[in-house]
Amino acid sequence: MSMKDMNPTNDTVLSVSDLVVRFESGGRQSKKKIVRAVDGVSFEIVRGEIVALVGESGCGKSTIAMAVMRLIKPTSGQIISDGLDLATIHGRALQRARRRIQMIFQDPFGSLDPRQTVMEAVSEPLTIHKVGNSAGERKELVFEALRMAQLNPPERLSENFPHELSGGQRQRVAIASAMVLSPALVVADEPVSMLDVSARAGILRLMMDLRDRLGVSYLFITHDLATAWVVADRIAVVYLGRIVETGPSEVLVKNPAHPYTQALLNASQDGDTTISAAASVLKGEAPSAAAVPTGCRFHPRCPKYVELGKPESCRSEDPRLRVIKKGEIARRDHSAACHFTDEVK
Amino acid sequence: MSVLRISDLTIDYRLGQGSVRAVDHVSLEIEAGEAVGIVGESGCGKTTLGLSVPLLLPANASVSDGHIVLNGESLIGRSEEEMNHLRWKSVAFVFQGAMNALNPVHRIDKQILEAIQTHEPETSKDDAYARVLELIELVGISPSRAKSYPHEFSGGMRQRAMIAMSLACRPSLLIADEPTTALDVISQAQILALLGELRSQENLSLVMISHDLSAIKKVCDRIVVMYAGVIVESGPTDTVLRRKNGVVTAAHPYTRALMGAHPDLSGERILAPGLAGNPPDLSKPITGCRFAARCPEVMEICRTQTPPTVTITPGHSVTCHLSVRSAS
Amino acid sequence: MNDDFMAVEDRDAEVTPSTSRPGVWREVWRDTMGRVGILTLLGILLTIFLGPVLFPFDGQSFGASAASILQAPTGAHWMGTNELGQDVFRQFLLGGRISLYVGVSATVIAMVLGAGLGMVSGYYAGWRDTVLMRITDFFLVLPTLPLIIVLAALFGQSILITSLVIGLTSWPQTARIIRSQVLSLRERPLVMRVRSLGAGDWRIMSKHILPNVTPLIFANLVLVLSGSILAQAALAFLGLGDPVQVSWGTMLHNAFNSGAMSSGAWWYTLTPGVGIVVMVLAFSLIGHALDRVMNPLRRGVR
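Chains as they are written, first to last, in our numbering: chain A, 1398 to 1742; chain B, 46 to 373; chain C, -16 to 285.
Everything labelled a hint here was simulated from the structure, so no lab data went into it.
Below, in silico cross-link-like pairs of lysine to aspartate or glutamate (EDC-like), each with a Cα-Cα straight-line distance of 16 angstroms or less:
1. Lys1536/A <-> Glu1517/A
2. Lys155/B <-> Asp172/B
3. Lys170/B <-> Glu159/B
4. Lys1651/A <-> Glu313/B
5. Lys155/B <-> Glu179/B
6. Lys1527/A <-> Glu1537/A
7. Lys1651/A <-> Asp309/B
8. Lys1722/A <-> Asp1739/A
9. Lys190/C <-> Glu1517/A
Examples of chain A residues lying across from chain C (beta carbon under 7 angstroms, computed):
10. Met1466
11. Leu1468
12. Gln1492
13. Met1500
14. Phe1502
15. Gly1507
16. Ser1508
17. Asp1510
18. Arg1512
19. Pro1522
20. Ile1525
Label-pair distances were calculated between CB atoms; the ranges are:
21. Tyr84/C <-> Thr1524/A: 37 to 47 angstroms
22. Gly322/B <-> Glu1537/A: 26 to 36 angstroms
23. Pro341/B <-> Thr1691/A: 52 to 62 angstroms
24. Gln1475/A <-> Trp12/C: 56 to 66 angstroms
25. Glu1709/A <-> Trp185/C: 54 to 64 angstroms
26. His151/B <-> Ser1422/A: 15 to 25 angstroms
Note that the structure is a prediction, hence the values are computed from the model and not measured.
For every residue, glycine included, the Cβ atom is placed at its ideal position computed from N, Cα and C.
If we strip away everything but chain A, and leave its shape as in the complex, we get (with noise of 0.2 angstroms):
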């Protein structure tokens, strides 16, 4: 039984609500164009809980991503936790809201300043937030967190320099520092992708492990289905700046409804059958978030749009995302965005 378990409903760490974040693209103003990267998005998440965003790079996961942090400011949408409105608040509120949510990037080596220690860069979010009343004691929370982050012993690691230590063990000092204010909800954007392939697995157990034994909650940002899979609780795949399937992950995997999921599937699985079916199933590429297809925005590259004789509703009404299976609660359900998701598979 994990923790998130003991909270079945409330206790609400993140919600978000019709997020939506607009880009102008430079150029001269007759050829500006707007890019709806994240087109209204909306989910919750509780304590404890592990939820993934997946789709392909571009799709608008990590702009999601940025927006919740508070790195690029919402064009509108709310951005709920502990009762402020993340997307609105600034200055000294915002810094303390920081405390709760932080942050895991995707590059080990890029994310920690080449001219820190181990001990510097865990302790710094420390000296910004002012914890701790010395410095003894800081160092304590900072030993407490590499520890967390299974850099043991601590002292070893403390005083070398980034370039010193390999990728896994950059990326626990990531989730060392971002760990040591006890935050409610971390944000990973493809937390593995940069590492070895034998280091991923330690890592993801490690942020596992702290959600199990913390109650911490994660929003887990990959274009990797089948970690997605493993590693949260719940999925939801983004198309275009769209959530446009979602649900609990063994539902999700196992009966994809949106036809952009099944392609997904396809991709990811192992055997080589597939190979050609997925190639088949999408080609070219993904329309850019500056020219959204009218109507479904998957409809151009759907190949049940094609097997159901192109169908005038794919091309005028953008589909909501409607539910298809309850779940016990309604955060479980699982939900597609399709007109089509009763036709058969």
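With chain A's structure known, arrange chains B and C on it following the hints.
Structure of chains B and C alone, referenced to chain A:
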């Protein structure tokens, strides 16, 4: 006659005070039309091995032992000029991250044209351009997009353009280093499908270097697993990477660990243990098995004696003490 | 580090100087150009600072008679005398200091303005960047010569004015270099990470960006210094320098005016001329060696 035969190849890097043996007496043979995958993690020597064939090693690397024979011709010791004739025409190399090496100010078709004209200067411009269009279509890029600039292409399409460029002079062997890294899942599948098609259509021999087992499984007939500069296992992909009902036929613990790292969507929803520690420091002499420090099934003998290479089934061999026991 | 030695597999090969590598100066020493530069510089500095102490020729006193004007080098006057009978060598030693002072002051002005504006511009981007870059462009096109003439006319000629003018016309280059480095640094996950931790702009700039930009500032500083010394010499030669505090450039100016060139008094022009060339060369060599040492791309990939 095999297209490529590497025997006892040993490559050292000079670094500051000491040297590092990146590749240690590696032997490998590739037949015409065969696709071989070299898998391993960073620092295992696979890229060095790949770079050694077209002799594109960095200035501080040297071949200390062994031979490389391409289409019957020995390559070690050849001059730059001689190699220039062979590169691109007999063997082509697609670098890691090559798709980012495209010249941003020239159109794609022009860059491919340049590749052809550089290596086959006798070709007329018209013939060369016809070949450019042929290649673009071959890799699945719509001819209408031939005149685009690299930044107008996505990562997947740029990688296709690189592959087109590499095939410009009809090489018999293509070495691709991490062709699908940094691409998303869908683009990866498309590139792998393309490589598979090219193999059969053009009878191209392929060496694919990757850390991604599933990519190799999709394209390659044979797989070679490298660790810390040596080959630890090699054999038909189907045999080595077979996973049925949770039973794995890979013989080397490292191969098994690599397989475990990628969750099997058709299997159980669990996370495999993964490996602790890091590969050994290759600037220091190594006694015993290089994997001993991290091996979950290590025995005493592993720390002191170099493991022998054992044949498990014809074509499938492993360098490990554990297999000695089970084979006998 | 296990995956450190493969140049082609090295994902970390960016143009950002490798800052946490100790012994940058040791490497400059090992580099031939750098070593020559350092030795030359040490030689010059020793000469001009210890020289007057060790060789107390009287630089100011005028010659006793007409015969002592523009004398060729002798035992008493190592580099001969000038048109006023003063000892050229002593003037050389003293003049070196002036050249150096002006060079250093100008450089300080240039670096403070350049690095400061460059950092603010690069970090904030947006409208601040636009405004600052327009200001930079303005100073970039400002011509040194007319400016100093105007200022000299208004405020008189002095080392201060010279330093100010050189500094004001040198900082734009530095600003641009620092700005582009900062622009790329701020995109690094590192900056995003500390921002997400709650770090404010000031903290990020001073603790994370500045230390990573310092090596670049250093390399640029050395080159700006050599440029400033040269600029000072040129201005003084044109007669725009401080007429009282004799620098090498002023010596050349005097030499020219007194007809030393045409009358064959080679010692008068050669001495300060060689001094300028050698000092500028020393700094340039060091600057270029520093640049090379800090550029991680120079790892010998064919």
